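*Asks:* The lines below spell out each chain.
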Amino acid sequence: MKYNWNWGILFEDPYFGWLISGIQWTLMVSAIAWIIAFSLGSIVGVARTVDSRWARGLGTAYVEGFRNVPLLVQMFLWFYVVPELVPEDLGRWMKRDMPFPEATSAILCLGTYTASRVAEQVRAGIESIPRGQKAAGYAMGLTTFQVYRHLLVPVGYRIIVPPLTSEFLTIFKNSSLALTIGVAEVLFQARQIENYTFQGFEAFTAATLIYLVVTMIVVLIMGYVEQRARIPGYGVQREP
Amino acid sequence: MFAAPAEQKEGRGVNGYAYDSQERNEMFKKLAILSAALAIVGTTEAGAQDFYGALQKIKESGQIVIGHRESSVPFAYIGPDQKPVGYTMDLCMKIVDEIEKEIGVDSLDIKLVPVTPQTRIPLIANGNIQLECGSTTNTMTRQKQVDYAYTTFITGTKLLVKNASGIQEVEDLAGKAIALAQGTTNERAIKAAIEKFNVQDVKILNVKDHAEGFLALETDRVDAYSTDDILLYGLISKSKSPDEYAVVGRFLSFDPYAIMLPRDDSAMRLIANRTLADLFRSGEIEQIYDKWFTSPIPGSEPLNVPLSDTLRTNFQVHAFPG
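Residue numbers (my numbering), protein chains in the order written: chain A, 179 to 418; chain B, 778 to 1099.
Just so you know, the hints here were simulated from the structure itself, not pulled from any lab data.
These numbers come from a predicted model, not from an experiment.
Hints are supplied without guarantee of correctness; some may be wrong.
To be verified - Straight-line distance between alpha carbons at most 30 angstroms, and here's what the computed DSS-like set of lysine-lysine pairs gives:
(1) B:Lys921 x B:Lys985
(2) B:Lys985 x B:Lys860
(3) B:Lys939 x A:Lys273
(4) A:Lys273 x B:Lys888
(5) B:Lys871 x B:Lys921
(6) A:Lys351 x B:Lys980
(7) B:Lys871 x A:Lys273
(8) B:Lys871 x A:Lys351
(9) B:Lys871 x B:Lys860
(10) B:Lys985 x B:Lys939
(11) A:Lys273 x B:Lys953
(12) A:Lys273 x B:Lys980
(13) B:Lys985 x A:Lys273
(14) B:Lys985 x B:Lys968
(15) B:Lys1015 x A:Lys273
(16) B:Lys921 x B:Lys888
(17) B:Lys888 x B:Lys968
Let the hints inform the model, and build the full structure from the sequences given.
*Replies:* As structure tokens, this is what we get:
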């Protein structure tokens, strides 16, 4: 291959600064999207397990709607189509005056999409709890809210920490799709560096390493959480 | 118009194509020994030994891989029959004819690969495509990774706005939003102009290509889109309501377009330049120019951009004797 390697380019001004700013956008978009995904996903997940047929139906519709449309398509829908569907004044505000229109659209898109996946895991966690425990809660005189608040939700969450880790990792990686609507995250900056210097291989290697480091840190943190959250003696698990 | 392959195969690796000079010297030594041996045995097999780099790869595979743009009207864009057509595509096909003559093949298999501003340079650099046909500006920085044939068109950066916006020059962008395609020379030209003329509070939206930039302007997400003025006329001619848009302002950059080639491959560049010089010398270039810039073109209205004096001079300067 005819290619002039120049690794030093990554540490030159302004390219180094671009990468740092890319990392900041990636972390910010992913973190806020995760907060949305976790809260909304919890609500939808719980809704899919309650007795009310309406709540279950709405939860199912949400999950199937959001997880069955490709994320890239959803990015374009949030960014280009939603502002055209809402009333004209609001649409104009979304396109022009909304703070960081690209990042906001990306956060909403990632958050709502990942929420559908979190919801399924929350449901799986709650449904894995033996029926007897729920019955025992009612037998003690707890209301439905109290059964969820003190029994099903806390136990359910402690069961699903490992798959939630995967979702948390995925949201960082999926945030790279935000570049398609112009969010200046890590991959965007890598491409920008390539465009200015034509040192694309170095720039993409840097982006790869950045994603790896970020996700490894998440794995370490979640490994600690998993250890702390494990229910001793519950299910088939490795001896501590 | 030209033969496109029946099916688009996946891109191939770069094995067997590019060598650094040391490896190439090694290879030539081996080839020299081999051909000497063959000569002794009495065979007259010359063939592939005479070529190196892209030509060797083309000869061996019987296939040439051409990268083309998809929305650069009228240079290389997807025509009504879903095949890439345009001014640069026509020139590239002339070069393909010349390559066929050079390596003594009746007809090469032409594989067409769509490229974007971000992918075109790496694809040439890693040898996946052997010609890039679109609207690529020849810059010195890019020449560190790729090579160019003679200039085939000359243009510069201008602004595309809606008539109603009242924007006339880059200075009028203060407090407004503009879309720019990432990876283009225009992106840098506009950013430099904004800084130079100290235009305050300009919002920049990064878009992927011309189609997306125009969509952003059409839906009022931005007040202006910027690229080379000839492409802006192309976008207007393809839009639903051409009357609503205008190309405004002075030239903010000098953009000479050229067909992109692999670097360090003077045999390949010679064929491309010889083809172009022949067209320039014979005047055939003016017919090809008129076909795309002053007559109705597939899929849209005529652009009505007559041959400029600058471009005519450029053709004359590069009409080297054969």
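*Asks:* State the violated hints by number, sorted upward, taking the hints as numbered earlier in the document.
*Replies:* Of the numbered hints, 4, 7, 8 and 17 do not hold.
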